[in-house]
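Engineer: Mind docking chain B on chain A? Use the hints.
Top to bottom, those sequences are chains A and B.
Here our numbering is used: position 122 in the first sequence is 122, and no number is missing along the way.
Here our numbering is used: position 161 in the second sequence is 161, and no number is missing along the way.
Calculated directly from the structure, the hints in this document are not laboratory data.
Worth double-checking, as some hints may not be accurate.
The list treats identical chains as one, so a pair stands whether inside a single copy or across any two.
Computed cross-link-like contacts, DSS-like style, restricted to lysine-lysine with a CA-CA straight-line distance of at most 27 Å [to be verified]: (1) 59 - 193; (2) 71 - 88; (3) 193 - 151; (4) 170 - 82; (5) 175 - 14; (6) 14 - 71; (7) 133 - 193; (8) 133 - 14.
Computed from a predicted model, the values in this text were never measured in an experiment.
2 protein chains.
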Amino acid sequence: MSDSIILRLARARKTVRKFDSTPVEMADVITVLEAGSQAPSGANSQPWRFLIITDPNTKAIIREASEEGEKEFYRTVGGGLKNWLNGKGIDWHKPFLEEAPLLVLVFSDGAAPYSTESVWLSIGYILLSLEEKGLHTITYTPSNPQEILEKLEIPQGFRLEAVLPIGFPKFRESKEERRDVSEVSYLNSWERKLE
Amino acid sequence: MSDSIILRLARARKTVRKFDSTPVEMADVITVLEAGSQAPSGANSQPWRFLIITDPNTKAIIREASEEGEKEFYRTVGGGLKNWLNGKGIDWHKPFLEEAPLLVLVFSDGAAPYSTESVWLSIGYILLSLEEKGLHTITYTPSNPQEILEKLEIPQGFRLEAVLPIGFPKFRESKEERRDVSEVSYLNSWERKLE
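For reference, chain A alone in the conformation it holds in the complex (with noise of 0.2 Å):
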């Protein structure tokens, strides 16, 4: 066992698709955006935007734009990526958009270098903090954010990044296996995998 709470938190830290209605602190949510404030981004212009929707009416129209364009997307969806799918019964149905208490849309700045990779970095402090809080998300990426982007009326130049459902799960999920470290590490040359 390791005395790292981060590895603590990163290997507890799993994936919820059903929520239950309890409610969620919004204070619980704030320190959780500050930490992702407190990212590192390329010349720290600090790309990103954070966008919290209490309001039902707002998370239906989030809901509705999405499955628009998770329609679309399993329309045309094969190979790996299909099956995967499949076999985890995840279809255009986002349910989550409305049924968690709360959700933190994530925004780029496109303007700024590296907006993507610093607002995932970001994104990767934010999991990390609502684990610690006893909160519970999806990463989920919407198949067509323009659409939301529009009905939201977010200021031109901004890219729907992430959107996060917050919130308590409804059943005990299991997390997806993850590969051993050894797996996918290397040492001094990529012929030498780590022992």
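Structural biologist: Below, chain B without anything else, positioned relative to chain A:
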């Protein structure tokens, strides 16, 4: 003050560009990469690969290839980014690629869905884990990664997302200021900033 460990680590963590020669424990690096390997990813593809470099000759090769790319970049960079770089005294020289006792090159498998996003989320885990271990880094993104991919004979299809030199700071450096979370967050509408 907050009782959140993640927020405390996120606030304390800052970029370091000058490293001393104090060696880094490999066990700590492995713990850190274990944490990174636990991140979620598109279709759980786990598209991250980590190449740890301790060999001085390989570090020198990486530095030389990186600086070649940077010289080209600094010939063409302009605007706000150029001003920011000048103000920080940052130029094409990348001595940290040799001075840090150890480098971790982070790659993404370009065939995986959302591979760049997933890998940068994993880098977020890694940065907080380094901070917990008392280790320091900079998320260096080479201007011309192709040269490094070729010199190190990385298999086709993998992208070099970042080079993380890991070690201990030579000087006490201060953290770049971050905007308060209220300046980058909105509630239910982009028109309404978080209070």
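Engineer: Each hint should be assessed against the structure and marked as holding or not.
Structural biologist: Hint check results:
no. : hint      : result
1   : 59 - 193  : between (46 Å within a copy, 18 Å between copies)
2   : 71 - 88   : within (17 Å within a copy, 48 Å between copies)
3   : 193 - 151 : between (48 Å within a copy, 18 Å between copies)
4   : 170 - 82  : within (26 Å within a copy, 50 Å between copies)
5   : 175 - 14  : within (5 Å within a copy, 31 Å between copies)
6   : 14 - 71   : within (26 Å within a copy, 43 Å between copies)
7   : 133 - 193 : between (36 Å within a copy, 23 Å between copies)
8   : 133 - 14  : both (14 Å within a copy, 23 Å between copies)
The earlier numbered hints are all upheld by this structure, with none contradicted.
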